[in-house]
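Put the complex together from the two separate chains, hints included.
Spelled out from the first residue to the last, the chains are:
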Amino acid sequence: MMLRLSSISKHFGGLQVLQEVSLTVPERGIVGLIGPNGAGKTTVFNLITGLLIPSEGTIDFLGQRLNGMASYQITRFGVARTFQNVRIFREMSVMENVLVAMGYQSNYSAASVLLPSPHLRRAQRREQEIARELLFKVGLADQADLLAGKLSYGAQRRMEIARALATGPKLLLLDEPAAGMNTVEKQQLMDEILKLHESRLSLLIIEHDMRFIMNLCKQIVVLNFGRLIAQGTPDEVRANPEVVAAYLGREDEPEIATVFMPS
Amino acid sequence: MEWLDNFWATYSTLLLSVGTNVLLALSIYLTLACGLLTVANAAFMAIGAYTAALLTLQTGTPFLLALILGALLPALVAMLIGRPTLRLSGVYLAMATLAFGEVVRILILNAEDLTGGALGLNGIAQLTTGFDVAFALIGALYVLLRFAGSRIGRAMAAIRQDEIATELMGLNVRAYKLFAFVLGAALAGLAGALNAHFTFFISPNEYGFERAVEILAMGVLGGTGSPWGAVLGGVVITLLPELLRGFGHYRPLINGVVLIVIIIYSPQGIWDLTRFIRRRHSGKPAVN
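For the record, the sequence lines run as chains A and H.
Counting from 1, one number per residue, gives the positions in the first sequence under our numbering.
Counting from 1, one number per residue, gives the positions in the second sequence under our numbering.
The following block holds chain H by itself, in its conformation from the complex (with noise of 0.2 Å):
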């Protein structure tokens, strides 16, 4: 077992970081699932890695009660501003959660005794295996892979398509948004603690309108038709700067040409371009 020791040696970092991006991209895959274009998983990625982070480090808290803890107080601060910034839609719904987002990017850096502000916090324990990423991971997808084939994916995609008509089907869309938008961002808040833990060092801007956009990309690029969409999205957008590193300084560039080639050709996401594949299998219409 020498060659994995030796591989996971070399990859353990790009490896789990996939993990977390998946973990990232199915966290904003739940509010598109529901027609919702929301920004602020970054900032619930940021709550989530300072909460699990402070509570480590300043008060040796177990590592999986900070897990825990890093997951639901995203959840909670997406509850109270779920409910006033969830009415909007849109560009407009886009535009609040960044908001949203810078505010609490600048929190972190201007709370410097508590924070360390622009510094960041340093020498955080690297407490995060492979073992908790996968089982993140496989839980993660295991609940949205159940939700998906049940009525709350079938409201949620309902949402998606005519809200309206899915109010008057009896379903109380509002609650359904926010269920989302909430376990979202425990889901984004999960992933920053278990991120935190393997990166050692973190600071506000990695938490910023990059990663924000970075996130919503993989969302929309994997698809949001399944959960299988955002895991597809995840190992691409993270995967696919390492393949192009044989392109030094031009990396970037070819990294956005490949993207926008795949939204071109495929605007419904990857997944849907495996939905012939699917389909030949079953024998029955694929449906999202």
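Pulled out of the complex, with its shape left as it was, chain A reads as follows (with noise of 0.2 Å):
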């Protein structure tokens, strides 16, 4: 397993946000968690990426213990993710936020900025042609020299994508995705998706848009509440009573429901 979570709680003081959540993502895998609002998605990409630490349970990354680990070695490591809320960096263009993420594989060091060379110069444009090619795969190669923050919000969400590629990863988690797109864009999203996956990266993807995780996964996870419900394929998952009951319940009591959902 490339990814394995074996019983992870996180608990916010009295409030049980996750509980005995074990999952795992294979190599090469492409995975779907999904559940209604409040659920804990989130948190458990958070934990994954070193944001929160889990009170108990442990987080493995091929053979590495992610627990207490730093996010940026987490990065570093292959696993790269995208926002539920986009955080990019608006006043940057859309070439340097790609740029940013490549960062810390830079074949220079930082004295070596200092004086200008042959060398720096073949690195720095080495680095801005990996970061165009990454933003022709997301479609965004026409806008590199564009602010950040002027894009469009469909833009700035696939900007981020290529801003996760950009950090080397070899696990990618995708937090909604196709949030705020609508069907043209969610299928060129798809393809996109699809193409990472042929390209050997395994992914983990939060979404709400039923159609677009049962057709790209072949496995999915479902939370409720914090708890893991259900775990199987599309068919299985669809057709698991508890799952149906988790999703026709959510408008009884959408209040409750949101309150678990850490910003």
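In case anyone wonders, no lab produced these hints; they're calculated from the structure.
As the structure is a computational prediction, the values presented were derived from the model and not from experiment.
Hints may be right or wrong, so weigh each one.
[Said to hold, decoys possible] Restraint-style ranges between C-beta atoms, simulated for each label pair:
1) H/N205 - A/F77: 50 to 58 Å
2) A/Q187 - H/Y142: 48 to 56 Å
3) H/L76 - A/R126: 34 to 42 Å
We put the CB at the ideal spot given by N, CA and C, even for glycine.
Following this line, the structure appears as structure tokens:
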């Protein structure tokens, strides 16, 4: 298994956000993480990427224990993510946003930027080329010099994917990548994700659009109120009575559900 | 070249002040560029000034060596206090660094045997020449401009805009912050060391709260988009009181009004105003 969460619990004071959640993402897997609002999906991402520390349980990635590791180290091990509410560097160009994500892999030292040299110029030009390729992949090549804050919402989401890819991940976590997109954009996004998957990337995807996730993922994990209630193929999950109840029950008590959502 | 000699004789102190103030503005630019609100630079300036002045006064250390140590000691202190304090952010960081500044001032005030206490240090040799200041300034500006245009400047700007996103891009945010803080301390120390060797006299009260705020004002007024912003801020804050001499008693009042007007109409600093001009010339969107 590439990523393994073993009986992960997380509580904030008395508030139990996740209880004994175990899930795995296989090498070259593409796993969907679904559940009503406030089920704890984003919390799972925050735990994997080190923004939160699990109260109990362990997280292993390619034989490496991730608990207690700094976020930047986890990224360097090959886990990248996007955010539910986009987190972009608004005052930078689209290109620079991607270049930031390549910073730690530079093959020139911090001190070497002090003197202009052919090696430095070559390395920097190479970085720009790679960044441009990534932007081309997500269809933003012609907007590379635009300020990121000026991009449309959908484009900002795609830029986040390019930026995550720039960190050189083996596992990519996408948090509601299709949010706010129309049907055509969703189809394009799905094609892009499948292409990424073909290029040996593993994915864990949070998404509310059921058709999107059912078409994309071979394996789906369902959370409700911090508990794992189902796990299996799209067909198995769809047929699971508890999943159906969780989604239909959601309408009754939306306020209670949103309380659990850590912004 | 007689006019040049006359000019230098009249304005050398002012010009040297502009130079050291620009160095101070560059020192605060480094932390502001990372989105860190620190006000410890007056204290680092004090450490640099006292270190260098005591070395030349009492041990006859060569000036150049005194300058180097005047930059190194504050950097070392910054490394020690940076680790715990840089975990803080926003006003909490400002409070912690402000408190550090007071600690330094009061230490100098009370270590009378070494520093002369409230009476200060007198008779510091006037060793600083225009060349020294120009050399330090050009060197500092060169380094910061090279950084600003590279992945280091990009990382700093990213930290300023979204710290968590930057960390998740694989960048060690804490290391970058500490680097900016320590380098800023070294520059402030160097400015202090140079300044002490042309003012003849230094005392602890020169490096108190007012000086800390003045340095911060230079950085904020100039803008954090580019080291050039700090240069502008340093020059304006130093020259403005001189240009307003005609106003007599009202000088500090007008000075304050001018600063408020600039901040209201260009909250990103003066450098941001020049963006429109730069954009027209380069034909590309100006990005900080």
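Evaluation of the provided hints:
Remark: the range hint 50 to 58 Å for H/N205 to A/F77 is upheld by a beta-carbon distance near 52 Å. Separation of A/Q187 from H/Y142 is about 51 Å and conforms to the stated range, judged on CB atoms against 48 to 56 Å. Evaluation of the 34 to 42 Å hint for H/L76 and A/R126 yields a pass: the beta carbon distance comes to about 37 Å.
When the structure is compared with the earlier hints, no violation turns up for any of them.
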